[in-house]
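Chains as they are written, first to last, in numbering that gives the first Met the number 0: chain Z, 0 to 296; chain B, 0 to 296; chain H, 0 to 296; chain A, 0 to 296.
Treat the hints with care, since some could be wrong.
Copies of the same chain look alike in the list, so a pair counts if it works inside one copy or between any two.
No farther apart than 25 Å at their CA atoms in a straight line, the calculated lysine-lysine pairs in the BS3-like style are these [what the hints assert, rightly or not]:
| id | residue 1 | residue 2 |
| --- | --- | --- |
| 1 | K108 | K92 |
| 2 | K160 | K291 |
| 3 | K264 | K92 |
| 4 | K215 | K121 |
| 5 | K291 | K264 |
Since the hints were derived computationally from the structure, they do not count as laboratory data.
Number of protein chains: 4
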Amino acid sequence: MLVGFPLVFPTAMETPTLIALLHGPDQPGLVARVSGWIFARGGNILHADQHRDREAGIFFQRIEWVPTGSAGVAEREAGDFLAFAASLGMQAKVILSSRRARIAVFVSKADHCFHDLILRWKAGDFSGDIVAIAGNHTDLAEAARGYGVPFHHIPVTADTKPQAEARQLALLNDLGADLVVLARYMQVLSADLLEKIGRPVINIHHSFLPAFAGGKPYHQAHARGVKLIGATAHYATRDLDEGPIIHQDVAQVTHRHGVEDLVRKGRDLEKTVLAQAVRWHLEGRVLVYGNKTVVFD
Amino acid sequence: MLVGFPLVFPTAMETPTLIALLHGPDQPGLVARVSGWIFARGGNILHADQHRDREAGIFFQRIEWVPTGSAGVAEREAGDFLAFAASLGMQAKVILSSRRARIAVFVSKADHCFHDLILRWKAGDFSGDIVAIAGNHTDLAEAARGYGVPFHHIPVTADTKPQAEARQLALLNDLGADLVVLARYMQVLSADLLEKIGRPVINIHHSFLPAFAGGKPYHQAHARGVKLIGATAHYATRDLDEGPIIHQDVAQVTHRHGVEDLVRKGRDLEKTVLAQAVRWHLEGRVLVYGNKTVVFD
Amino acid sequence: MLVGFPLVFPTAMETPTLIALLHGPDQPGLVARVSGWIFARGGNILHADQHRDREAGIFFQRIEWVPTGSAGVAEREAGDFLAFAASLGMQAKVILSSRRARIAVFVSKADHCFHDLILRWKAGDFSGDIVAIAGNHTDLAEAARGYGVPFHHIPVTADTKPQAEARQLALLNDLGADLVVLARYMQVLSADLLEKIGRPVINIHHSFLPAFAGGKPYHQAHARGVKLIGATAHYATRDLDEGPIIHQDVAQVTHRHGVEDLVRKGRDLEKTVLAQAVRWHLEGRVLVYGNKTVVFD
Amino acid sequence: MLVGFPLVFPTAMETPTLIALLHGPDQPGLVARVSGWIFARGGNILHADQHRDREAGIFFQRIEWVPTGSAGVAEREAGDFLAFAASLGMQAKVILSSRRARIAVFVSKADHCFHDLILRWKAGDFSGDIVAIAGNHTDLAEAARGYGVPFHHIPVTADTKPQAEARQLALLNDLGADLVVLARYMQVLSADLLEKIGRPVINIHHSFLPAFAGGKPYHQAHARGVKLIGATAHYATRDLDEGPIIHQDVAQVTHRHGVEDLVRKGRDLEKTVLAQAVRWHLEGRVLVYGNKTVVFD
């Protein structure tokens with residue numbers, strides 16, 4: 000495998016396809032050149048979405064096609080496409096639908112996103128596979144095993160955080176994980192660990208960021224008397240709660256909702272927002288640039 | 000003007016563009032061929048959206064580009080593109096952003112959609128111009144004139160419907176109307192009139208069709224005890240309330256809402272749903288096939 | 000237990016309370032009389048919600064209070080209250096929070112509502128307990144047992160339906176079930192069975208009723224080209240899909256969604272709409288009159 | 000008029016009613032005592048809503064009733080009720096539906112909330128009357144006069160702010176205004192002016208507060224790459240953008256929306272959120288305590 004970073008590979012339900020995400024300085028003829036390149040090699044374009052940020056002068060594209068020939072051709076074509084994109088001044092990544100992404104899920108004690116992700120995966124909703132659960136507590140160990148998914152207990156304390164992060168990194172490398180999902184994992188990953196992981200990490204924050212960043216957002220929301228609560232799925236970066244936002248949603252609340260009710264209502268938001276973000280990511284629909292995302296939904 | 004049917008032309012805020020809506024039997028290479036055709040003539044593609052209905056084997060595309068050369072070139076290129084599309088087995092229409100659509104609004108007594116459409120138009124939200132109001136009652140005549148829009152009173156009774164429809168048709172022809180909007184117009188247009196109009200007619204129905212088709216949908220909704228009310232914008236066809244749906248939205252209601260409350264809440268839905276449908280139509284985002292729409296939003 | 004029909008009893012997290020649902024012909028002084036009756040006996044009212052249907056002249060009330068004295072007092076007071084309500088010409092039921100409702104869940108093969116209900120119950124969201132799963136297929140038997148909930152296989156065919164329904168009825172009686180939840184159970188309960196059950200049965204229909212009643216609603220929705228799909232939780236009655244609606248919600252869809260996508264998106268709606276309806280029912284928030292509900296949320 | 004502060008009076012469509020908003024330390028028997036007081040004087044309770052904040056130990060109530068006797072009785076009963084509420088240790092205000100609130104609307108150049116409020120008022124949606132428009136620019140003067148509403152031009156510059164605020168205050172006093180609505184008024188009212196006004200002031204902020212407080216919230220939202228934009232209606236206090244929130248709503252946005260699109264989409268949110276807040280306020284549904292609101296909807 001040699002097709003760019005980060006490597007994420009949706010499912011091959013039918014014919015294997017290639018999915019390219021491109022962006023770079025806008026210039027005339029990009030749509031025609033990219034589709035012409037694919038057509039000249041006998042590929043058939045299934046989907047193509049473009050976006051232009053006119054202020055910034057940036058061109059964005061997601062394009063999915065069926066290459067001609069055998070499976071080996073697809074891998075070679077992926078590499079060729081990256082070179083072609085570079086010749087256009089574009090940054091690109093290419094995804095092969097024939098290789099499924101490997102997902103590691105980090106958890107603490109809360110179980111709602113954990114169950115939700117696993118059940119959706121088992122229902123066939125994800126173009127990837129949950130290959131392991133890692134928890135800093137053991138509360139979900141038995142449930143994970145009940146689902147047939149390996150559980151790794153990596154406790155974290157203030158004193159042992161460096162060693163714990165070394166274990167987490169080793170685990171991800173052993174697993175060959177393509178994606179890390181923080182499913183209400185209650186520890187902050189250090190900037191150092193995020194850099195070493197070098198793969199996308201999706202987090203769910205239980206507020207409509209940027210409101211109520213930091214700890215106990217439902218308590219903050221209740222204290223402020225807002226009439227909506229929210230959840231935000233974003234890529235984790237070294238700036239806590241400030242990474243590129245993938246998806247957000249909200250629910251109406253009233254004075255009748257105490258903090259516990261916000262927590263309960265918020266669980267539904269957290270589940271659906273995180274699952275949608277993971278799903279889009281796995282299908283190669285999320286393109287990050289600067290601190291923002293383009294989501295080709 | 001010779002560029003296909005129906006002729007609708009969004010605004011030219013900046014450089015004039017061409018917008019093509021295509022559909023026809025799916026075949027390999029369509030994306031590349033269409034973009035190649037434009038590129039070969041020096042055009043620059045701004046947006047291109049494709050959709051495939053895999054069950055039906057149909058390809059749909061909306062593509063917007065800046066043609067090279069003077070304004071006259073754009074009109075000629077529009078005609079050439081239609082011939083090109085036909086050579087691919089595609090049905091197409093082409094819109095020139097340099098010509099603004101002319102909109103006739105039909106009203107009765109209710110004024111909320113009437114005010115809403117005019118105020119949005121005056122705010123610059125629409126790629127077209129409201130050129131006349133036609134009412135079967137005179138309730139809105141003064142308000143129309145206050146906005147500086149001509150008002151035409153065409154009363155309709157059971158006995159005089161054929162003559163009234165003849166007057167409506169003559170008015171639309173005189174106006175050179177590209178689009179008719181039924182803004183809570185309380186008369187049914189006959190199949191004969193719709194055919195003679197030969198231009199798109201957008202209607203707002205005050206329910207989430209297909210629920211509560213026909214008359215007094217809020218009364219029907221209240222009697223059934225639903226927990227949501229809705230509004231549906233659709234193209235009017237000879238089958239009442241069964242034309243292709245462009246947009247729908249709903250609002251939560253409770254047992255505390257009587258029929259009058261449903262009517263009041265529904266007004267907000269009707270306004271925003273109708274305005275969104277008109278806006279999308281004017282921007283060439285709505286493609287009709289069979290009894291359904293593809294909305295390239 | 001002698002406190003009216005149907006008997007449903009929310010959880011006693013803290014002090015045991017009584018919850019009364021009343022309705023009957025409106026008359027002056029009802030609020031004062033009811034609260035006065037409770038106050039005179041030393042009770043403390045926690046919540047009281049009233050609604051008047053002015054057209055029909057009906058008064059509705061949900062009132063929750065802490066009675067004075069020991070647990071035995073609460074049961075006696077419930078009986079006394081029913082007599083008092085009758086003296087006002089009101090129909091009433093009274094719920095004791097100290098007794099948890101017993102819930103039987105009927106399933107077929109689809110597992111999303113099944114998992115969702117059980118996980119919410121285990122998370123403490125429900126004022127009641129799932130005491131058994133009954134399935135006409137065995138697909139969910141192992142999962143049920145994994146959760147520690149008894150699974151009963153009662154196959155149903157056209158020929159054996161009467162015998163199967165007799166087994167279902169016997170099971171519900173053996174369980175002492177207070178509520179039956181049809182969690183995407185794909186068989187119609189006969190009018191005869193519903194009458195014999197004599198307890199509330201909540202069903203989830205996968206459309207915004209009354210649109211797309213009957214079979215395969217997602218296929219119907221796709222064929223009609225609607226822009227919203229919905230789900231409806233309602234009490235099952237002898238008129239299929241026409242019972243009193245408890246809760247409804249919708250989600251936006253586009254031309255890009257095939258039938259399979261509607262099914263997938265609909266699963267989330269079905270889960271949350273059914274769970275909310277069950278939750279409200281268990282908390283004594285749903286009052287049925289005629290073919291409609293008053294939901295004191 | 001002698002019935003407490005602030006004086007706001009919904010419409011008398013039918014029989015005149017009294018509406019009381021109460022709050023104070025929780026204690027047993029409050030519901031019974033209040034309804035008993037009304038019943039003993041021959042009043043008939045139409046609606047009664049209670050809420051308890053258990054953490055804070057505060058009881059909240061909105062109660063609406065038809066008093067016995069002539070119109071003069073209602074005013075006297077309002078005064079008596081205030082004394083009664085005080086005897087229970089409650090803060091209260093009482094509203095007479097027979098006197099309509101007088102509303103002053105402050106505007107700058109943006110016209111969408113201005114038109115929306117006036118059209119809703121003319122449609123009969125509000126329990127009050129817009130008696131004047133005050134603008135620091137003259138852009139909306141002609142439109143106001145077209146609606147038959149007096150327009151007052153009070154320009155504001157950094158140098159003349161104190162004098163301008165003195166004129167605003169004098170105008171409100173002359174008008175006998177009960178409510179001030181800031182309909183996208185682009186000047187900050189000084190803490191001194193707010194105190195001297197001594198009447199409720201409702202503002203619309205174009206973000207989901209507390210996110211993007213301060214200036215240019217749509218620009219802030221675009222820069223952060225959020226997937227939702229919002230609007231917040233709140234009472235203006237000396238702490239800018241931090242007053243008690245009455246209502247909030249949001250709309251989904253994508254990368255395809257530039258700042259101008261956010262502004263356009265936001266206009267719809269601002270209109271409906273502000274109108275809903277004004278409507279609730281006028282119907283005596285909003286109770287302020289601390290920096291939060293209880294909305295009896």
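To see whether the hints hold, each was checked on the structure:
1. K108 x K92: Close neither inside one copy (35 Å) nor across copies (40 Å); limit 25 Å.
2. K160 x K291: neither (30 Å within a copy, 40 Å between copies)
3. K264 x K92: Neither way: K264 and K92 sit 37 Å apart in one copy and 28 Å across, limit 25 Å.
4. K215 x K121: Answer is between: at 23 Å across copies they meet the 25 Å cutoff, but 31 Å inside does not.
5. K291 x K264: between (27 Å within a copy, 20 Å between copies)
Of the hints listed earlier, those the structure fails to meet are numbers 1, 2 and 3, in rising order.
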